[in-house]
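Could you put together the complete structure from these sequences and hints?
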Amino acid sequence: MFEYATAAVEGALAAGAAYADARVVVSKQESIDVQNQAVQSLDRTEQAGVGVRALIGSSWGFFATADLSRRAASAAGERAAAIARASAVVPGDPMQFADVDVIQETYETPYVEDPFTVPMSEKVDLLVGVTKTMQEVKGIAIATGSLTFFDTNKWFVSSQGHRIHQHLIESGGGFDATALGDRESQRRSYPQSFGQYETGGYEAIRTWDYAGNAGRIAEEAAALLTADEMEERETDLILEGSQLALQIHESVGHAIELDRILGWEAAFAGTSHLQLPKLGTFQFGSELMNVTADATLPGALGTFGYDDEGTRAQRVDIVKDGIWVGVLSGRDSAAIAGLPPGGMVRGDGYNRLPMVRMTNVGLLPGDSSLDEIVADTKDGVYMATNRSWSIDDKRLNFQFGTEIAWEVKNGKLGRMLKNPTYTGIGPVFWGSLDRLAGGDEWIHWGTPNCGKGQPMQVAHTGHSAAPGRFKDVRVGVRG
Amino acid sequence: MSRESHLAEQILDLVGDRAEAEVVASTGNLALTRFANSFIHQNVAEDGEAVSLRVAVDGRVASAKTTVTGADTLAAFVDGALETASMQPVDEDWPGLAQPSRVPAVEHVDEATYDASPEARAAIVKDFVDAGRGTLAAGYCQTEGRSSVFANSAGQTASGRQTSAIIDGIHQTGTSAGTGHAASVAIGDLDGGTVGRLAFQRAIDSATPFDTKPGEHEVILAPDAVGTLAIFLAFYGFNGKMLEEGQSFVDLGTQQFDDRFQLWDDVTDPRALGIPFDSEGTPKRRLDLVADGITRSVAHNRKTAKKAGVEPNGNNVPGAEGWGPIPTNLFIGGGDRSVGDLIAGVERGIYVSTFNYCRILDPKTMVVTGLTRNGTFMIENGRITDAVTNMRFTQSFVDALGSGRILGLGDDARLADAEFGPGITFVPTMHLASWNFTGGAEG
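In order, the protein sequences belong to chains E and F.
For the first sequence, my numbering gives the first residue as 18, with consecutive numbering after it.
For the second sequence, my numbering gives the first residue as 1315, with consecutive numbering after it.
Please note: incorrect hints may appear among the correct ones.
[Unchecked claim] Straight-line Cα separation of at most 20 Å, PhoX-like style, residue types lysine-lysine; simulated pairs:
| no. | chain 1 | residue 1 | chain 2 | residue 2 |
| --- | --- | --- | --- | --- |
| 1 | F | Lys1678 | E | Lys435 |
| 2 | E | Lys429 | E | Lys395 |
| 3 | E | Lys411 | E | Lys295 |
| 4 | E | Lys488 | E | Lys429 |
| 5 | E | Lys411 | E | Lys469 |
| 6 | F | Lys1379 | E | Lys45 |
Keep in mind the hints are simulated off the structure, nothing from the lab.
None of these values were measured; they are calculated from a predicted model.
Structure (structure tokens):
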């Protein structure tokens, strides 16, 4: 496959590109969805093609084709250069491009059990079984389960001499139970909303003991119908790990994307409240807040060997003792900011232009535990599992809903509460972080559906988190 | 014979009599010229073809998709789908294939758009950017052309071509942003200058916003905000699967909305985009969802229609097994009042250009939270007086459109942008009695 990527790069250079790179991507995906013990869909998708990126002046030109032949790849390179050249109608300053090591390597996701060779009957039986268990709980109207597996091969070539092959395997899934009332629906999910996804094989599914948790999840969903509504007030908020992971994703991960900070995403995804002159001094949160972007974490969903610009995966400090110290960057954005490129540029398939994406943006663990945090809370709420998320275009004002909550009174979990929500302003919220669970409860949560870019791209990102407590948060916002 | 027809025929031949089968084969291109900080920074295009296949082997169903369409690989693709299906339990709800039926002779195509050049897109971007003075422009110009063929082993066939062209962007001051959007079947219809001038004016007019108190406010919603209402109602409510499962607010035959509210889906309307059949080969026809405030129908694919005991109405979409059938050519009936007239009728209220990052809190009540963006203004004594900072809302969309809540409808209906994307809603400006703002965007 390297020959097609090379042909594409040569085509772009011959057409006048100052720099070019190309990726041949061959991928397959298998998805199984079961609802109420019946298979809703069983879908296999395969995709193959080459995408080539050409830099001329101030713009990237990009062209992709599914035709994997030397002739088509070379023509794609020429088209990419022509597209870049057309950008000169509305020009900017010439694009800068930071130097990186020229790499010729291979990388493969470590895995134990190839998910594509696990018998289909085993996968379907697992999901049929958990939906059956959930349906047996009184009040459960809809029980669903899903599994999805990805197998991706990428061959990357650049005009600077990169030549990298990667083979990535990702596995994930989950299930949920929905209880219906007269004018409401209540849902509980496991391991988290949208399922838990990791790099690795089928072992990533077995770890989570679906069968052992289905009954509990369904009972909680049913119980929510008769639970009390969360009242609106300010109180101490304890977040379960997967909800805290999404909080990190939305209010930290996107805010630190350098392309957003530079205004490249202003019209769609938005910008950021963070400004580069404040890098190194801005107080993002309390001293307990230590965030890294680490693309090397074994098993985490945002782990790989090299990004789609050929930069080696790495760990970068983002927030240290509450101070903002790092960004997510690529070779072009880092050069403008005068920072080393972070190896965080990825494209969604062969036919999308690589752009700055989160890797594994996680909150390092503290030294407490959920039990200790609850025991230490006189009056508060404990919220678990995301139900809704919304945040403004500068990544400041957020409102999250979770599936379930419990009142915390005098160090003990009390009443179950339904329709929990909380809202806040990023740095204020993070500044109120005062307790954080430790490594035993630190999980590499995976987000398989991060949307960004035009045309839209979906990225798989990781967010390590343990439960934490935030002081004086507004909860119970309703329409 | 077109390439996509050839692909569809090849695949049905490969399936033979081993299964019921339906195929969608498409070829086409997508190109998008993106700009930020007032210059083009990302400029992309792709050509491609794709095949989707669904097979049913004695009621055992599987589907597969591929972009690898060489003659030497299609046989393995088909065999893989059949093998997968044969391992499944029988789908008791399998509705069977669409039978031969006539598809409306509608084609939303413009040849110049099908083959639009990067220079043509860049010229529109230049007009948009040049419409501002001292502001930073960002956005995109997109063109798309696609040819699709449907064929199944029951004998139903359909083919269609479609194009679309979009200019969408903002102008930004140091403290504000204003938005503009236009979409059409033809790139020649796009006027980057006009769209850019609206965005520029909104940015300038909102350059010194003030914080207003959250709470219930009368609102004027511009088309790009109304588009989000329409698609949320469609996705979570007028959805045969959500209704069958008891998750929808819909109560057929009941007055659930203001009697001024008319909502329908119609790909045959000349102002719509798209092709007149769905991915099951069912012809699309006008579907009245709400008439005079009374909920009339919901979108169905073959499976949800079978369960409901009605005819499918052509609204299957990729992924419908999970989230259900969705109407994607939505129209809200307009009024006869200019936007100026609508604003003149407001003693004190808020004008919203667009919503942003809207998310459903509960489909049964249709409570949604989101924010305003790119131009939010105070209306006092019948005119816009000041800009206000972006605000968060938490609001039931059904309640907002309830009886007596629609105070006016504009005469400016157009293809609008919306939370789920452009080109799927054709809606006017709307004057609503109240909207629940629950906080300022920046605290």
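Hint-by-hint comparison with the structure:
1. For the suggested pair lysine 1678 of chain F and lysine 435 of chain E, the alpha carbons sit about 15 Å apart, so the restraint of at most 20 Å is met.
2. Annotation: proposed proximity of lysine 429 of chain E to lysine 395 of chain E holds, straight-line Cα distance about 8 Å (limit 20 Å).
3. Between lysine 411 of chain E and lysine 295 of chain E the CA atoms are separated by roughly 16 Å; this keeps the pair inside 20 Å, and the hint holds.
4. For the suggested pair lysine 488 of chain E and lysine 429 of chain E, the alpha carbons sit about 17 Å apart, so the restraint of at most 20 Å is met.
5. Taking the CA atoms of lysine 411 of chain E and lysine 469 of chain E, the gap is about 14 Å. The hint holds against a cut of 20 Å.
6. Using a Cα cut-off of 20 Å, the hinted pair lysine 1379 of chain F and lysine 45 of chain E holds, with the two alpha carbons roughly 10 Å apart.
Every hint, counting from the list given before, is met by this structure.
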